[in-house]
Structure formats: structure tokens, C-alpha cells
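Participant: This is what each chain is made of:
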Amino acid sequence: MDLDNLIQQFQKKDTVAFETLYNMYAENICGAINVIVKDSERSQEICQDVFVKIWEKSDQYDASKGRFFTWILNIARNAAIDEVRSKTHKNQKKNLPVDSLVGIFENGEDLNSKMDTIGLQSLLKGLKEKCILLIDMLYFKGYTQKEAAKELNTPIGTIKTRIRSCISNIRKNMA
Amino acid sequence: MSIDVKEYIASGILELYVAGELSPEENLEVQHYAIQYPEIRKEIEEIEKAILELTKAASSKMPQDGFAKVKAEIGDVIPFTPEASSGKGTPWGSYLGWAASVLLAIGLFWMYTENSKLKSEIELTNQEKQSLEDILSDTREEITGKETLLQEIRDKNVTVIALGGQTVSPSSYAKAYWNKEERKVIIDAQGLPEPPDGFTYQVWSLKLDPLTPTSIGLLDDFASQNTKLFTLENANESEAFGITLEPEGGSESPTLEQLYTLGAVGS
Chain A
68 MDLDNLIQQF QKKDTVAFET LYNMYAENIC GAINVIVKDS ERSQEICQDV
118 FVKIWEKSDQ YDASKGRFFT WILNIARNAA IDEVRSKTHK NQKKNLPVDS
168 LVGIFENGED LNSKMDTIGL QSLLKGLKEK CILLIDMLYF KGYTQKEAAK
218 ELNTPIGTIK TRIRSCISNI RKNMA
Chain F
5 MSIDVKEYIA SGILELYVAG ELSPEENLEV QHYAIQYPEI RKEIEEIEKA
55 ILELTKAASS KMPQDGFAKV KAEIGDVIPF TPEASSGKGT PWGSYLGWAA
105 SVLLAIGLFW MYTENSKLKS EIELTNQEKQ SLEDILSDTR EEITGKETLL
155 QEIRDKNVTV IALGGQTVSP SSYAKAYWNK EERKVIIDAQ GLPEPPDGFT
205 YQVWSLKLDP LTPTSIGLLD DFASQNTKLF TLENANESEA FGITLEPEGG
255 SESPTLEQLY TLGAVGS
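For the protein sequence lines, the chains are A and F, in the order given.
Heads up: the first sequence is residues 68 to 242, going by this note's numbering.
Heads up: the second sequence is residues 5 to 271, going by this note's numbering.
Next comes chain F alone, as it looks inside the complex:
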């Protein structure tokens, strides 16, 4: 980046820089240019010189020992007082000194343990905070998921089909939310018992005349799916939906003896 140095100097920005009236960004800019262009650096120094002259002229006569006073204030000088030594008598001072250092050591040790305790408490609190945050984010995700699902179910193109329990399990029931436009079926399998080991539910789209079943998918991981809601693709002109229990991996055609629920579209 190059600038017109003369113009930059003439703008008066350097005068404001010396006055300390620029924003942090402008300050950095000026410094950047001062490094890049020696003329700018020199100009800044000249401006500062003018202000130095002016402030100097406004001063009264300076005291000779000015810095000595400042130095005394900043505690640079630590007065050294030699100990008045006495050859005899009990060195109480020495005992006191030892006692004080023992106390100090105890105090330091106590502070150290307190400090460690506090540190581990902080650690613990941080961990708790982290796990709460995790729970919160999980919950948020779950809510979002459910909201999306609810939106899908509420869609005006969705047809709801109630699937009633059949001979093998009369108390079973399920629901199919079929969005024909989007070719999607959401199966609510809340009312189905957990499948035995090695078996899985399979969902079928049925044409009634003649009876033609087409598999549209499996309700895998049934036990771990808390909501018992399953989204499947369905591009068929379905007239009914049925759910059968099949060996894991599904079957080519439905095992009708294991038909758990069945329901016709539009009934």
C-alpha cells in the first residue's frame, strides 16, 4: 500500500497523533506509515518537538533534586540498618526469627493446600458445567429434530393411515404419515412390541387388487430408537400399508402369519 506522503502529512493527522486524539486503528495506521516512510517519522518527531518546546516554556524553574524525590517515593532505596550486636544475653531475636519462619512455613503450607483444594473445586465445577452444556446441546438437537418431525407430520399433503392389530398381535397398532408429494412415509411404531432377537419389522406398501406387496423398508434399531418414529421412502401408489415381523435383514415377500398391523389408505 502506498500513499501520497506529502498529502498525508498535510492532512494534520500526525498532529492529532501526537496529541493522542486518534482511534486505536488510526494510531496503528500512523505507526505503520512511520515505519514505512522516514519522512513521516521525522515529521512526527518535529511536531512532538514543537509541543515539547511549548510545554517546557510553560514550566517554572525546575528544582535541582527533582528526581531524588521521585526515587524516594518509588521505594528504590531500601534503608540498611546494621544490627546492634551484643556479645552476651539470650539471642531472643534469633528465637523469634526461627519461630516466625516456622509460622510462615506452616502458613505457606496451609495456603498451598487451600489453593490446591480451590483449584480442584474449580476443576470439578468446570467439568459439571461442561456436562450440563453437553446435555443442553443434546436437548436442543432433540428438540430441533422433533420440531422438524412435527412439521413433516403436519404438512397438508400428509395422509394419516391407522394400522390396526392383526391375529398374531391384536393389541398392536401403528400409524403411517404418508406424504405422497415428497414420497415419504413416517411410521409411528409406538404401539408395536419390541421384536425378538434376530427379527425385525418390515413395512410393506400394498396394492389390493391383485394383492401386491412391495417392501419399503425395515424398522431397524427398534429398541434404541426412543421416538419409535421411522422415516421411509415410498414412491408407490399405495392402497394399504402393512407391517410384518421378519428375520433380520428383511424378506423378499411378507410372512403373512407374522402380520402385526395393517391399514388401508383412505379408509
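Just chain A, same shape as in the assembly:
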């Protein structure tokens, strides 16, 4: 069954289709949460909750608004950010540390997160710090182009081409 069919079945509340989707994406979703929460156990719990939420909200997914993975990543991101906010009692996205991915990449010693730091390091090899920051902001933290441009102190017009070259670097590292 292809992805579109699988998603349709899932939207019809087919648990078998949902299990397949879970197996496809759970590790990614848990990973995305882990980058923000930096606590493997807590991340796993949030990750379960996120999948329950995905199931409950299944009818809200609309293919015309983007990729399925983009949709679930967004739900995961919001849940993870909520967790960090409730912990730190800070109410601004700005207050989230923007260097999480950079930190993981540079020292690779974040014991709580129990990440595959070797895998991460090989994926991010040769990427400039600004690149890693940008990936962190756009994919993991859900910054808008405008917010990312402000944070990097760069014109908004350069964000598109810059993220293109950053992701291309990762793709080269994967090959």
C-alpha cells in the first residue's frame, strides 16, 4: 500500500494503517522531541502522547496543506515546546535555547538524551554552525522564515537559498 492510501485508511480510523504509520515515523517523531526536551525517557512519553493526539486529530490532516510527516512533526514540535515551557515557566518561543542541535553536534555528550550522536555527527559533518542553527530553527523549533532571519541577523530573502544549501550538505553526507 502506498503512503497516500495508508493515510486515507488511517483517517478512516483503521488501526492497522495507523500502526504502519507509527512504525514508519515513531523514531523520527521521538527524535524530534528529544532534540528539544533532551531527556530520553520524558521524550518517549511525550512521543506516545503525540501519537495518541495524531490519532484523535486524524480528520484534521489535509493533504492540500502539506506532507503528512510535516503535519505530525508540527504536532510533535508543539508538544515538545509546551513541555519545555511548562518546565522553565517561560512563555516565549524566543526563550527556547536555539543551539540545541549545535550543542549536541559539538560535544555529543548529552547523556540524558541518549542520542545516536555518532549518526548525528556524520550527518552534520562539514556543516557551518549557521546551517545547523537554521535547520534547528526551521525543522525542530518551527520558526518562521522571518523569525529565523532575525535570529541569524540576516535578510529574510537569504533564508530560502541558505536552507537549500544546508539540506543539500546533509544529503551529500547521507550518500
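Hints were generated in silico from the structure; no laboratory data involved.
Even for Gly, the Cβ is constructed at its ideal location relative to N, Cα and C.
One thing to keep in mind: the hints can contain errors.
Claimed, not checked - Derived coverage of chain A by chain F (criterion: at least 3 residues anywhere in the stretch with Cβ under 8 Å from a Cβ of chain F; other residues may be distant): (1) 132 to 146; (2) 224 to 230; (3) 236 to 242.
For this one, chain A is given, so just place chain F on it according to the hints.
Facilitator: This is chain F only, laid out in the frame that chain A set:
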């Protein structure tokens, strides 16, 4: 519509699409092109693959029974507990069950009637709303009409001629607002009695020397015209205006015995 696919891919818009950072319009555009150009679709999948790799690497080791926990939460499993059957004794459970279903039926019936009541109330309210809206729009139209009329009467080219009551009906009166430039006369017939059945008022433009009457129109539908204001064409060099009562359809020349009002221009 065709685009330069390479350029489109190089722009970085697809990376933002996967990040979910595009506007709804841009999203639709990307999807449209993804269907049209397989290279774009493939590129989107490649970008997503990179993000999947990255997020996967950030994950800790996954538990074996991950989905079981989710499944338990989404309530897919309805626990089945077989009834402990006992051969003797009063089946209270069964009585209770029947009583509960009767109550449920009554409750459902009650809810159904309440619901119907509410629905008809809504219906009624909607009708009321509609008729109020109709009244409002009628009133608006009326106001606009009156404003236009007022504008016309106030025009600086308008001469006002008072038409006084004559022998047949001394208490009658009328007014003519004559815009010579626009060749228009508005007759205010408020002060005329309602014409008897089969008769109508006819308005005449008069030249005085010699006396030459020219019909400029009828005040038809007098009774139903609430404002009693009538707009008529008048291209004549009128010196006076008169209103007579004539048989329905009007007459060739005025019936002077039935002259209700008369007034000279500039007097």
C-alpha cells in the same frame, strides 16, 4: 503554466515546504507542480528523507512495545468480561437492564421532542429575521427615494408654483416644482381629495394669452401613491399650471368646470 524546474528546485522553496513554513497559497502551488513535474515530487521526497534521517539520529533507542501503549490509549481494545451466570435467583440484572432501557427510551423521546421544539423555534426566529430584513430593505429604498426627491425639489433651477383651490373645491391645493432645465415637474398633490372611481386628475400647462392648455400627464394610481408626489415631463414654456378632474384615461382638453387647482408661474 510551465516553469524552470531546476530553478524552482534550487530556490529552496521545497525545503521550506517540508518544514511546513509556506503560506497556504504557496503550499498549493508546490503541490500543483509536484503533480505536474515528477522531478519536483522526487526532490520533495529526498528532502524529507534527509529530515527523517536527522530526526531519527536524534532519537534514543525505541521501546519494543511502543505502539501497544498508544493502542491502549486510543481505546481500540474493549475489554470483554463474560457474565458470571448463575442458574437460580431473581435475575435482578435483567430487570434493571429493562428498566434502564425504558428510561433511556423515555429520555431519547424527550430529547427528540425538545430538539424538534428548538428546531421549530429556530425556524420561526429565522422567518422573523427575514421579514425584519425585508422591512429594513424596503425602508432603505424608501429613504433613498425620498432623498432623491428632496434633492430634485431643492435644485436651484426649480421654481415652486402654488396652485390654489378653485370654485369646485375651494379647500384643495397643490404645488408644482418645476425644473425648467430638466423639463420636469413634480406635482405635490397632498392637498387634493381622492378622485372618485372612474376619474383621474390631469395636469395642464397653460399659456395665458391666448389661453392654451397642454396636457402634461395624469396623476394615476392616486390612492396607492403614499407620498402624493408625481413626476411629469414638461417641455412647455408654461405660464401657469392647472389640475382638473377628468374621466379615467384623461381628456383632449380640460373640463374647466372640474378645475380643482390653478396657479401662475412667477406670481
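Participant: Decide, hint by hint, whether the structure agrees.
Facilitator: Structure-based check of all given hints:
1. 132 to 146: holds (count 8)
2. 224 to 230: This one holds; 5 residues, not fewer than the three required, reach chain F with a Cβ under 8 Å.
3. 236 to 242: holds (count 3)
Consistency note: the structure conflicts with none of the earlier hints.
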